[in-house]
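Heads up: the sequence shown begins at 4 in our numbering, then just goes up one per residue.
Source of the hints: derived by calculation from the structure; they are not laboratory data.
Fair warning: this is a prediction, and the values are worked out from it, not measured in the lab.
Be aware that one or more of the hints could be misleading.
Quick list of simulated restraints, FRET-style, between CB atoms [to be verified]:
(1) 184 to 230: 24 to 32 Å
(2) 114 to 334: 29 to 37 Å
(3) 96 to 266: 37 to 45 Å
(4) 418 to 512: 53 to 61 Å
(5) 184 to 446: 51 to 59 Å
(6) 216 to 52: 45 to 53 Å
(7) 185 to 84: 26 to 34 Å
(8) 174 to 114: 51 to 59 Å
All C-beta atoms in this analysis are idealised placements derived from N, C-alpha and C, irrespective of residue type, glycine included.
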Amino acid sequence: MNTFFQSTIILSILSTLLLATACDDSSSSSSTCATGEVRCEGRCIDPLTDRGFCGAAEACEENPGTPCAAGFLCEAGQCVLSCQAGLIDCDGTCIDPTTDRLHCGASSPCDQSPGVACGDGLLCDGAGACTTVCTQGRVECGGTCIDPATDRLHCGAADPCDQNPGLACDDGYLCDAGQCVLSCQDDLIECGGICIDPATDRLHCGAADPCDQNPGLACGDGYLCDAGQCVLSCRAGFIECDGACIDPATDRLHCGAADPCDQNPGLACGDGYLCDGTGGCALSCQENLVECDGTCIDPATDRLHCGAADPCDQNPGLACGDGYLCDGTGGCALSCQENLVECDGTCIDPATDRFHCGASDPCDTNPGFACEDGYLCDGDGGCALSCQAGLIDCGGTCINPDFDRDYCGAADPCDLNPGTPCLGDLICDGHGSCAALCSEGLTNCGNTCVDLFSDPDHCGGCGLTCAVGAECINGDCTAPQDCKTLLSLIPAAPSGLYAIDPDGAGSNPPFQVFCDMVTDGGGWTLVLNRLVDSDNLGQPDLNVAHGAFDNTRATNWNFDIDLFWSQATQVVFADKENNACSGCGIGSYDSAIRIDRPAGGAWSVLCPSISSSVPAQKLVGPSAGTVGTAFTCANTLGWGSCGGNVCHYGTHYQNTNSDGSWSSNAWNEMHFPSAYSSYRSYGDVNNPPSAWCRSCGGALSPVLNLSSTCCNNNTYNARSRWTLWVR
4 MNTFFQSTII LSILSTLLLA TACDDSSSSS STCATGEVRC EGRCIDPLTD RGFCGAAEAC
64 EENPGTPCAA GFLCEAGQCV LSCQAGLIDC DGTCIDPTTD RLHCGASSPC DQSPGVACGD
124 GLLCDGAGAC TTVCTQGRVE CGGTCIDPAT DRLHCGAADP CDQNPGLACD DGYLCDAGQC
184 VLSCQDDLIE CGGICIDPAT DRLHCGAADP CDQNPGLACG DGYLCDAGQC VLSCRAGFIE
244 CDGACIDPAT DRLHCGAADP CDQNPGLACG DGYLCDGTGG CALSCQENLV ECDGTCIDPA
304 TDRLHCGAAD PCDQNPGLAC GDGYLCDGTG GCALSCQENL VECDGTCIDP ATDRFHCGAS
364 DPCDTNPGFA CEDGYLCDGD GGCALSCQAG LIDCGGTCIN PDFDRDYCGA ADPCDLNPGT
424 PCLGDLICDG HGSCAALCSE GLTNCGNTCV DLFSDPDHCG GCGLTCAVGA ECINGDCTAP
484 QDCKTLLSLI PAAPSGLYAI DPDGAGSNPP FQVFCDMVTD GGGWTLVLNR LVDSDNLGQP
544 DLNVAHGAFD NTRATNWNFD IDLFWSQATQ VVFADKENNA CSGCGIGSYD SAIRIDRPAG
604 GAWSVLCPSI SSSVPAQKLV GPSAGTVGTA FTCANTLGWG SCGGNVCHYG THYQNTNSDG
664 SWSSNAWNEM HFPSAYSSYR SYGDVNNPPS AWCRSCGGAL SPVLNLSSTC CNNNTYNARS
724 RWTLWVR
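The task is simple: from the sequences and hints, build the whole structure.
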């Protein structure tokens, strides 16, 4: 309850209890109230003005009226809002139009002059204008910067307050660290979650803190707790005086007495005086009180007759205006709530008021500071710079750390996180980093301006690097079709593994191949790696599927040669006896020949006609640099049936037949078997064989038994590895 109304009610009760007039000593004598008054709870009240029984009627216990809430007065039997000077009634609440966000600049009547509702992030600045947001640690709730750790109406609130309003602590509770906690007044203690007076509480009479250890006594029926002792309890309206229950409203010996009677015995009304039913002797007010309008009042505290003197009709005193109290000296004074200070005739909060920041009572000698434009009172009585959302205070100026060149990337507090000053032509890029200013179409990557649509080191984004040989086209890395294309893009590229994409925008993804960038001008793509004398059991043949390149080059590599065929103009066959070759270019093999790509398809199971002879350039081997003859199925790369045998590639200097046989064979000739056959040559330069095994096992899968006897002659164990390259 408001301190003012607490004081008023207490003084009213005390004055009633001390009234005295003459009456007889009969406890059953009736009492009367003055015209217009009603007896409520043993005293006469004016139902038109009494805040405790506003609007009451005869038989008060049945028609008690309404107790007016804190901040309301009883006028003409109705509880009405009473706003102090400087405040106005808006929507049933007293507001300060100089600081209220919802009615900033309003005037009375508010429904006709409602003022302005300040927008998000703005407060009413104390002069009726909208300005900046609350200081750090405070939350704006209903247009006021509150401390959510202590504010009773928004205890524990968080920003935004309309979504996180916290709790409104009940009467008797305080907000402590954002939690509503029970707060008992002096002389009260907490028992069972309720503040009780151990001097009067019947259930805990004489209790002490802590109550669970010192619960006091529970007074029996007919007894009350008095000063911590259970004493006789008189029926409603009666009290115990001298061992008897008396009506203090009518008893002449104890007129106006209160419980306990030995401390508050009331008055003994003199001859000719009665106890008038209001706790006083009729027509006789107690010392320091004055009868005004038929009621004894204290002219030092009564708001309606402040400073009155006897007789009241000639010296009625002052009627204090709304928001004012009788100050105890007979004058009306502004009544400010706890923690507020009167400045210039208005109650202000010195922790937040921009015009009297840090003021203290009396304000005329301790007026505080008037905060300059752009500054708010920070809650601690000091003026502080108030920056909008997204800005921070650096060097006493509100700056945007995303763009400010002197404090690029700074954070609050700026003195600990000052960011970086951007030097020279560098700018703060909008993300808190110093960066070069690039022309339109270019992007800053590591302070270098690049085109993300074409730069292979920053393809589609900074740091997104394309593989070696890949181009950046429209922000996407695109691998070359083959090693020949790669060499044209990077003439100095060494031999090694590279990613290629033979079908370009087709559905097949890029993959790795080995590129020979040196032999015969370079640009050779390794297509096939075969181990002879293995029968290749379980290995799918050419033109079947895409296979992954074997980095050790020790086993077969399955690949669809058709992908390369349309781009290729030349074919190389390279052979190495007895040893695998890992990471080798063509020049590292024992023998290699080059022919022009046949005009037909990449592969044929059967020769469409008799085999064809084609010129073959010997690139590697004993006769390197010479041109010989190789045999192919007509117009195709593949092998097929040739007169009962399988066609081979080879170098032949005295060939006279077209059925795959040779008129003159030499150990240094190079022969390539079918994908489905095994090939074995016996002998070497120091031990030439007497016969050569040509094609063995020419049948298709499943592989049949070897058909040439010589293939089973294991007189010399030699294994051949042969490879196919295209360019």
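Do the hints match the structure? See the list:
1. 184 to 230: 24 to 32 Å: Given range 24 to 32 Å: holds, Cβ gap about 29 Å.
2. 114 to 334: 29 to 37 Å: Since the Cβ atoms of residue 114 and residue 334 sit about 34 Å apart, the hinted range of 29 to 37 Å holds.
3. 96 to 266: 37 to 45 Å: holds (42 Å)
4. 418 to 512: 53 to 61 Å: holds (55 Å)
5. 184 to 446: 51 to 59 Å: Roughly 58 Å apart at Cβ, these two residues keep to the hinted range, so it holds.
6. 216 to 52: 45 to 53 Å: holds (47 Å)
7. 185 to 84: 26 to 34 Å: holds (29 Å)
8. 174 to 114: 51 to 59 Å: violated (30 Å)
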